[in-house]
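Visitor: Chain by chain, the residues run as shown.
2 protein chains.
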Amino acid sequence: MRDVAILGVGMTPFGRLDENDLLDLLSSASLRAMEDAGIGDTLIDAVYVANMGGGILNHQTGIASALVDNLALLPAAADLVENGPASGASAVKNGVLAVASGYYDFVLVVGGEKMRDVTGWRATDFVATLTHPYAEYIYGVSLPGMAGMFAKLYMDKYDIKPEHLAMVAMKNQENGILNPYAHIQMKISMEGMIETPDSIVNNSYVAKPLRLFDCCPVSDGAAAVILCPADRVKDFGKPLIKVAGFGQATDTHTLAERDDPTDLKAVTMACNQAYKRAGITAKDIQVAELHDAFTILEIAESEHAGLFAKGEAKKALEAGETKIKGSLPINPSGGLKARGHPVGATGVAQIVDLTWQLRGEAGPRQVENHDVGLTVNFGGFGNNVVAFVLRRES
Amino acid sequence: MRDVAILGVGMTPFGRLDENDLLDLLSSASLRAMEDAGIGDTLIDAVYVANMGGGILNHQTGIASALVDNLALLPAAADLVENGPASGASAVKNGVLAVASGYYDFVLVVGGEKMRDVTGWRATDFVATLTHPYAEYIYGVSLPGMAGMFAKLYMDKYDIKPEHLAMVAMKNQENGILNPYAHIQMKISMEGMIETPDSIVNNSYVAKPLRLFDCCPVSDGAAAVILCPADRVKDFGKPLIKVAGFGQATDTHTLAERDDPTDLKAVTMACNQAYKRAGITAKDIQVAELHDAFTILEIAESEHAGLFAKGEAKKALEAGETKIKGSLPINPSGGLKARGHPVGATGVAQIVDLTWQLRGEAGPRQVENHDVGLTVNFGGFGNNVVAFVLRRES
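The listed protein sequences derive, respectively, from chains A and B.
The opening position of the first sequence corresponds to residue 96 in this note's numbering, with each subsequent residue numbered one higher.
The opening position of the second sequence corresponds to residue 96 in this note's numbering, with each subsequent residue numbered one higher.
Note that these hints are calculated values from the structure, not bench results.
As the structure is a prediction and not an experimental result, all values here were calculated from the model.
There could be a bad hint or two in this list.
Since the list gives no way to pick one copy over another, a pair counts as held whenever it fits inside one copy or between any two copies.
[What the hints assert, rightly or not] Taking lysine to any residue and the SDA-like style, the derived pairs with C-alpha atoms no more than 20 Å apart in a straight line are:
id : residue 1 : residue 2
1  : K360      : L169
2  : K410      : R487
3  : K405      : G458
4  : K256      : P356
5  : K378      : V467
6  : K410      : D293
7  : K337      : G197
8  : K410      : M96
9  : K371      : Y198
10 : K256      : S489
11 : K256      : D466
12 : K252      : G455
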């Protein structure tokens, strides 16, 4: 088992990218990561593409093979990995295993999604292909619907107010303004989001209690990393960002079958595996990129990852602890909420952003303590979660 | 790097399976492999699903997560791997890397496809999503069309007659009759396939010079293997079938960009990588499962894999060398031609069939020399090829 490190990272801006098709986005992010690594096109011997919707949204398959040709990386091995919205972290995991095994030395992992090829209900229907076909999908269950049900239960259980959700949204959109790659560049205020008896706000319900500004946008985009054996990083003159640990765990397909639907078991298990492999505990995490497809998920994941005790994340929010200048910054990139959520790209983008933080290359959104960080990529509605711990060494 | 072995194998019958959905097929093959391994449901720590059309054909994503739940394997890690028609072998490769890395011990790899949910041109259109979207697809290029062009060039170059293609079809359908898992159970004769000036045959052209009986059927089905560290096999009382080597190589997306479109470079490279890792040469191969989606491919792959010199496979066919009782049996299972081609399943099914041969468990289709075998899984039109060498040891 070899130690694996992140040699290079890159991403496209996320957003509505009408000029680019899926292969353009994957290629662009890959070239940026290759340029960052300073690796050229002869050393890469395996490529993983993370993507969920190539078939449904873009009527394309075999995109990994197309990519290696487009990047002039032939005859590198190439596969696509799909794990719903956690496809990105799953692909990175498989790249890590490929390098750890000793079979491959330099591996490109690139996640991307071209979601704006479809409009309106079709994007929601695409994501709903993750739900159980007979127990959920045919009854019209969607991911926002699941998140709404979850939010209601979680907020009741831990006395979380709509204002707490709004604090997550405000924080992440504020961070997004500092991130040139973020889809949503817009400052929002509490007054604009929460109704009072005297106000009308432009923030309609999507799935009660979640409103528009509690949900991530539908984005196009791609993100890429180059993995290699940790002992090869010095040859390239790059900082050593080690994949200290990873974890992956699954849970029931339907929410209804969980003993306690407010318990995101797979988040806890995936994070604990990652901590154990890294030889750390949750207390050692200094910065985290969490999967805030809905604001409630940032709160719930931060608690299930052990960063805060159950019910305590709201206090950290109130105190500003999770802001960029706080004691435990969460989603300094802006998260899915502001950076956007091209589903196949997200898990890779989290690792790209965290790498920039650990290298000290995050510009105006740089956090202060930056040696050990966590990413959580949340598939389905928490039925397949992948976590990474990255650590800066040297 | 740990040695990896195949502990258990299983598959569903292939064919038109109207009673079963994709998850049923994946589950059934998995349970058969788990039963064969004698492993129960507590040891498996990672699952790979190979599938190409879940999105396009079945409007489902996240099927790997659904499977671990359905099989009561929670919280095992689960990912889907897609590499077109070579998805099966790609998923096995990733399972092998997972075990070789030391991170996972017991890994289930299951490939499946539910193709008969769509009918007529939709199945061909689905497979055509592998072609280049602007250089091929929009002009109506399909995989049978590519195979027809390739067949014309290859037959001209090496003086291969329609009778040679028919010999492949007859051999594989004869083998398929001995295989209870095969989709097509029908003996065919040369007279029924090749037109003479005095005859009319019920074997119309699909893509000249390829006729109906030169093409594999559109099938439903699934196949599964359990992988583990080679030194754990004895604990289960199973024969040691080692993954002696694997290879994977890519080629240009479009046929038009290849210097010589009759040169299936990726087949040669993938096989040579596999031979090198296994410490053997092509001469050591005693039995092979090749990707005969079209009869011409069995001939061309056997030559590109080095089993015969270029232009010599037709002589082996004439002499019956590639029949079950011949000196180098090819596709004793019936191949894609008779067993069928549920695309995600095929690469796994090749390994299942070869394992049965190496164990001596292939019943009436058992070959005589059975210690070292080859599989070739052919993605796109040869733009992503995965080969395995399996060896019986002890």
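Visitor: Give the relationship of K410 and R487 under a CA distance limit of 20 Å: within one copy only, between copies only, both, or neither.
Guide: Neither: 29 Å inside a chain and 61 Å across chains, both beyond 20 Å.
Visitor: Is it within, between, both, or neither for K360 and L169, if the alpha carbons may be no more than 20 Å apart?
Guide: between (41 Å within a copy, 11 Å between copies)
Visitor: Taking 20 Å as the upper bound on the Cα-Cα distance, should K256 and D466 be classified as within, between, both, or neither?
Guide: neither (33 Å within a copy, 67 Å between copies)
Visitor: For the identical chains here, do K410 and D293 meet the 20 Å Cα criterion within one copy, between copies, both, or neither?
Guide: This pair counts as neither: shortest intra-copy Cα distance 27 Å, inter-copy 89 Å.
Visitor: Is it within a copy, between copies, both, or neither that the alpha carbon of K405 lies no farther than 20 Å from that of G458?
Guide: Neither way: K405 and G458 sit 32 Å apart in one copy and 59 Å across, limit 20 Å.
Visitor: Check K337 against G197 for me: Cα-Cα at most 20 Å, and say if that holds within a copy, between copies, both or neither.
Guide: Cα proximity of K337 and G197: in one copy and across copies (16 Å, 18 Å).
Visitor: Tell me, please, which holds for K256 and S489 at an alpha-carbon limit of 20 Å: within, between, both or neither?
Guide: Classified as neither: same-chain Cα gap 43 Å, cross-chain 65 Å, threshold 20 Å.
Visitor: At 20 Å max between alpha carbons, let me know whether K410 reaches M96 within a copy, between copies, both or neither.
Guide: neither (41 Å within a copy, 47 Å between copies)
Visitor: Can you give me the call for K256 and P356, within, between, both or neither, at a CA distance of at most 20 Å?
Guide: The answer is within: 19 Å in one copy meets 20 Å, while 65 Å across copies does not.
Visitor: What label fits K371 with Y198 when the C-alpha limit is 20 Å: within, between, both, or neither?
Guide: between (25 Å within a copy, 13 Å between copies)
Visitor: Could you figure out if K252 and G455 sit no more than 20 Å apart (CA to CA) within one copy, between two copies, both or neither?
Guide: neither (38 Å within a copy, 60 Å between copies)
Visitor: At most 20 Å between alpha carbons: which applies to K378 and V467, within, between, both or neither?
Guide: Close inside one copy (10 Å), not across copies (52 Å); limit 20 Å.
Consistency with the previously given hints fails for numbers 2, 3, 6, 8, 10, 11, 12, ordered from lowest to highest.
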